[in-house]
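Colleague: With the sequences and hints as input, model every part of the structure.
2 protein chains.
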Amino acid sequence: MANITKKVSWSSRGDESGAAGEETPLLNGSEQSRPLRQMSSGSTVFQIGRLSTVDLEEEITTEEDSARGRPKEIPHNEKLLSLKFESLDYDNIENQLFLEEERRMSFMAFRCLEISRWVICGLIGFLTGLIACFIDIAVEQLAGLKYKLIKENIVKFTEAGGLSISLLLWAALNSFCVMFGAIIVAFFEPIAAGSGIPQIKCFLNGVKIPRVVRLKTLVVKVVGVIFSVVGGLAVGKEGPMIHSGAVLAAGVSQGRSTSLKRDFKIFEYFRRDTEKRDFVSAGAAAGVSAAFGAPVGGVLFSLEEGASFWNQMLTWRIFFASMISTFTLNFFLSIYHNKPGDLSNPGLINFGRFESEAMEYNLYEIPLFIAMGAIGGGLGAFFNFLNYWLTIFRIRYVHRPCLQVMEAMLVAAVTATVAFVMIYFSTDCQPLGPDHTEEYPLQLFCADGEYNSMATTFFNTPERSVRSLFHNPTGTYNALTLGLFTLTYFFLACWTYGLAVSAGVFIPSLLIGAAWGRLCGILLASTTSTASLWTDPGKYALIGAAAQLGGIVRMTLSLTVIMVEATGNVTYGLPIMLVLMTAKIVGDYFQEGLYDLHIKLGSVPFLHWEAPATSHWLTAREVMSSPVTCLNRIEKVGTIVDTLSNTSTNHNGFPVVVQVSGDDEPAKLCGLILRSQLIVLLKHKVFVELARSRLTQRKLQLKDFRDAYPRFPPIQSIHVSQDERECMMDLTEFMNPTPYTVPQDTSLPRVFKLFRALGLRHLVVVDDDNRVVGLVTRKDLARYHVGKHGLEELHLAQT
Amino acid sequence: MANITKKVSWSSRGDESGAAGEETPLLNGSEQSRPLRQMSSGSTVFQIGRLSTVDLEEEITTEEDSARGRPKEIPHNEKLLSLKFESLDYDNIENQLFLEEERRMSFMAFRCLEISRWVICGLIGFLTGLIACFIDIAVEQLAGLKYKLIKENIVKFTEAGGLSISLLLWAALNSFCVMFGAIIVAFFEPIAAGSGIPQIKCFLNGVKIPRVVRLKTLVVKVVGVIFSVVGGLAVGKEGPMIHSGAVLAAGVSQGRSTSLKRDFKIFEYFRRDTEKRDFVSAGAAAGVSAAFGAPVGGVLFSLEEGASFWNQMLTWRIFFASMISTFTLNFFLSIYHNKPGDLSNPGLINFGRFESEAMEYNLYEIPLFIAMGAIGGGLGAFFNFLNYWLTIFRIRYVHRPCLQVMEAMLVAAVTATVAFVMIYFSTDCQPLGPDHTEEYPLQLFCADGEYNSMATTFFNTPERSVRSLFHNPTGTYNALTLGLFTLTYFFLACWTYGLAVSAGVFIPSLLIGAAWGRLCGILLASTTSTASLWTDPGKYALIGAAAQLGGIVRMTLSLTVIMVEATGNVTYGLPIMLVLMTAKIVGDYFQEGLYDLHIKLGSVPFLHWEAPATSHWLTAREVMSSPVTCLNRIEKVGTIVDTLSNTSTNHNGFPVVVQVSGDDEPAKLCGLILRSQLIVLLKHKVFVELARSRLTQRKLQLKDFRDAYPRFPPIQSIHVSQDERECMMDLTEFMNPTPYTVPQDTSLPRVFKLFRALGLRHLVVVDDDNRVVGLVTRKDLARYHVGKHGLEELHLAQT
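As given, the protein sequences belong to chains C and Z, one line each in that order. Oh and the first sequence: position 377 is 377 in my numbering, straight run, nothing missing. Oh and the second sequence: position 484 is 484 in my numbering, straight run, nothing missing.
A couple of the hints might just be wrong.
[Stated by the list, open to error] Each computed DMTMM-like pair below joins lysine to aspartate or glutamate, with the alpha-carbon atoms no more than 25 Å apart: (1) 699(C) / 102(C); (2) 668(Z) / 769(C); (3) 788(Z) / 769(C); (4) 265(Z) / 102(Z); (5) 753(Z) / 304(C); (6) 753(C) / 101(Z); (7) 779(C) / 94(Z).
[Stated by the list, open to error] Restraint-style ranges between C-beta atoms, simulated for each label pair: (8) 79(C) / 274(Z): 28 to 38 Å; (9) 622(C) / 137(Z): 53 to 63 Å; (10) 215(Z) / 362(C): 33 to 43 Å; (11) 313(Z) / 157(C): 49 to 59 Å; (12) 421(Z) / 473(C): 52 to 62 Å; (13) 109(C) / 263(Z): 49 to 59 Å; (14) 363(C) / 364(Z): 22 to 32 Å; (15) 155(C) / 114(Z): 23 to 33 Å; (16) 137(Z) / 609(C): 33 to 43 Å; (17) 362(C) / 144(Z): 26 to 36 Å.
No lab work stands behind these hints, which were simulated from the structure alone. Source: prediction; values computed, not measured. Built from N, CA and C at the ideal position, the CB exists for glycine as well.
Modeller: Structural data, given as structure tokens:
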């Protein structure tokens, strides 16, 4: 159901207007809806967006709108696969044009291409590092300003009474920041909401999420995350870095910006999905690398979450981008921190240095770590469960941008209030050390020379709170403080994730985990007589943080490396691994990971690593879509236009066939052509009759296709006259003459493996005589999944 | 040329007798050579081995021997691709039997399979850890014994004069140990020579190197490495761990030992190449993990060097195996070192802890690091260049086992002599510190309370020497000592690699690098006035070690992680990356990496990551082998036997076809069957006529194929009577009915991608009517490579 689904944070409205307006047209984007689409460009976009929502049906003015907007389909649930998402094509279209170009290229030209790939990766890393640096400095400055203001206010009113004014000030400041952050997200670019990690996962998986790698998205994302962090929400600035890196990569690698209408005429060779995907992996890795100072972790993240075919050279380039990214960030931050040239403190988040001697662990602690991992897995699953229902609720009832902004402001105000109340009633006073590490120690009702311990957790950016929990000496927090903090922050963070703000979930997860981890450490020390064994609760804070984060996002390999790189100490590699594994196993027992959950709620046709285990009894014959709309090698223009305009055609790719015998027999496969290619051909009027009459017409080149990539115009924008409809088009040169095919009896796992390993978009199913009998696309494979009752099939819907 | 090639350390003799005797028969293994093969089993194997060498032609006794042994082919060079190596098949044979089994399996059964995979990975990790532990303790004990003996002797004779007796003792002890190590390798299992890393790379790439994952290989490898390290050669014990882990994995995952003739009737499902490969990756990772205490590095090693299709679940299992491996090793070593339960010191090699504060680096040091990387790359290329010619020399002249043993003994004696002479003439005396870290300080002619500095580098196991170079305080070594040491050790290590002993090249490389790195540090400190900047030469030793190792083996990502994990400090991650990248780029300019060089010298059909850049003008039509020997779906037994026995058939896979029209037309493809399957069918006499007459004959099951895996008997061992020859065989049930196919016009890169991504062994080329026109196998793709003059084609030879 169009209107309900699209409010899931990122399959949101932009997706509709974007897909219809600028991307390849939707399959149901028939001619009738053209007026709407034309309207939706420019500034009226928001209104249209709102018009087509469920509970505003009375406002719907045109027939077309109601056809799109009315909830005539089944209500949204996660057992649904949207037909709205298109696929990316990671298989090169090796048509004659392409092969000719490749064959013309010398070995040196390939060398140059390879060098430009490295240069682009370097650029991606550099720019990602710069953006990370910008975010970091902006957040630090603004948050510093805010906390200083509030602290002065609190100090003023602590003596005089009337702390409620401080509370109001705090809540108002937070709400204001968050309001700004939410407005730009909800109204300008809804796809920029959340951490962006699910979107990038989908992109790397091969699903085209509209507008996800646009310049506008990047700007909204970066500005949005600054305001949500400064606004004191329970969010981190790390997740958005990954998205930012990916957008940068997609932009830089194309050598132009479609939004700014600037084409630098460089890197034209890379204007196709295959190459773009590789660079986006590098960008995502560079983002992780900048966020956590973890270049290796970044590479592993890209590979664990995205890649399928592992290519050594690609991996090295990704690594290079990651490296440059950390390097750039370090370098500029070292200048900012007045220690120019000191590169030893990488990353946006810095967990501080764990000293090896103090932090050794022993065999008998391993079971404890595993138990903590299990707790983390359980809590993570609970977090995801709550968030799942919250998201469903949001999809149903909080889908208007203004409602979204109001919800974000509410959360901001509540966060401030809860924090204030907790601090106010806390009696946990700690002496202010000589080298007081707290940036903003709040004295409140504590004695002179003491500070409120609860305030160190709440009255700070989450990054600093995590560091305090890891490193503050034993006794800094009492158990009650930590317990209350864990409880409240858990629900706040859960409520926050999924708001229409740009924000990540890494840091809140770490913070929750660090709090209960430290609590465990304190409890252990107090229950055992040999207290010296459990001296350092910071160790348990680290383990708890890993467990909680692992329980929520369910990454293992990359997360281990990220944690190890962020703590700067490999001693804890082994326990962290154990903990993450345990958290994953326990968590998976109850609920999927947070990102997977949101992908599922978005009804995205996401392909997992392998076909479902019990799917061997399915064959290509059952899986494929049929009948297939085929085109002849030499086809009438009118037929092509009609085929493309036909709303019932379900595919973006058309097998090209040659008739051999009678018309009754299905024709033999001789190629595959894409909608986007046909559009370009129509636009340039590459018609056989025309070519004959005007000999001067230049031959269509690969460049024409590259120039149109990736925003191919919809078929409706191309005018074909009645005369032209009678012309013929020769597709031989443009089609892919050697598409991958499978016989009808191929089992689903085999089809799946071929499809996934090669990143295909269309797989033609042929019979023994090489005649087309069907076409397998992403949705045909993605709809099978293992549910509670064995293999289940998801419904397909035009949501 | 059979006799010359086979002495390249690992395409050596075992390969010939092994392949012919026990593996699937060689393609040219016709019936005439059967007497020889039968002779070659048992104790006469050495003699046969020697008989079939070039310069012993006069000893050749039989016609068959001369046919195999005479140098009738072109002389060996690296522009040759051996047809002798078979491929592994990473594509599941989804025939009816398999599909029936899969369809019968419930979801729970798949769960159980998944759990057994985890259990197996755990077992692999555990056993690899145990073996690493055994090697470590054995080396430490034996080396301790040796050095104590020599030290006492030296002390005795320093005063009395007659140190030449000490020299003799040292050389004799070394030679004796090495002799033993070389004898078991050269005579019992030549495949166990060297580090084993190239072999494992090939295995994971899909090349079947005979005998490489046998139990006997493991035993020889483990015992061999102990003796070569104790024998004082310039070798490490780390490389062989990777091979050991892989062998263990191959054994454990099959639930039986063919060598010991024990079948535990477990894990039968995993008895095929696809599954075995996955476990071998895990084993290799566990080996790296145990060797360097680097679980993440292990995973990356497996992926960087081996995998092509990245599967998340597989990666996690590999990670699990690595983790368990380090864990086991740590645990047992902690007991051995009397600190039970202290798990903070992982790995066989321990670089010692780098303290973060003392070791910070600054921006202006980055160019220095890069320069050192370039030096490392250059030196590494020089090392590889020397070793390349040495290997060619060995292939030509040192191929008899007894010569190999003698060469190894010579190297051992020379190593001892050089070390002794260097120590003897060294005047670099250092005061013995209060906490003298040296295990065996040699006083020699130094004053009392002082020790000979040169002796700390030579008179020690290489691992300890590396650690000393990293951590000994400033001034421990003088520049001359380090310079001389680098020079001599460089040539010794180069001479040593490729000997018929089980040994790795990691540690010697690190040692050379650490020596010249430290030298750089000392020189820098002495040339600059602001000496305080370059206080710690240990830092430069680390960078030098990374540069040298990177220059020799050319790994980047995994090596970075391994170095970081082994040093226990991530601060140096960034410089190490930079250095490794530089070393790789500089090194690649001159010469390939050491492992790739040895793979090339072995004429192995190794598939790289991508097709050569300028290969777009080649299509499947040019690449494929044709005509193809096809079988009919219902074929006469006699035809099958003749086909399999025919020496001119070049393939192990046969397309199965059905005739549709006249006999003159090529028939339509309907499946693919492997030689190994046909062998099993013939062995069980699954003939149509027989089945009809004896109704009780049981149906052939998947189990029968699994029991025969992987050592299928040669066709000559199967007796088929004249009556049986007239029977028919129905292949329908056993063939793979949906082999992957490509049209004739598919470009080479496209064929390559399909082949590599899916790990195929046979790819059928069909025409428009689905008729078989050719077959592409590994050698067809591997023979194209980019040389100095663009695309070159390697020669194929039955070497």
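Colleague: Which numbered hints turn out to be false for this structure?
Modeller: 3, 14 and 15
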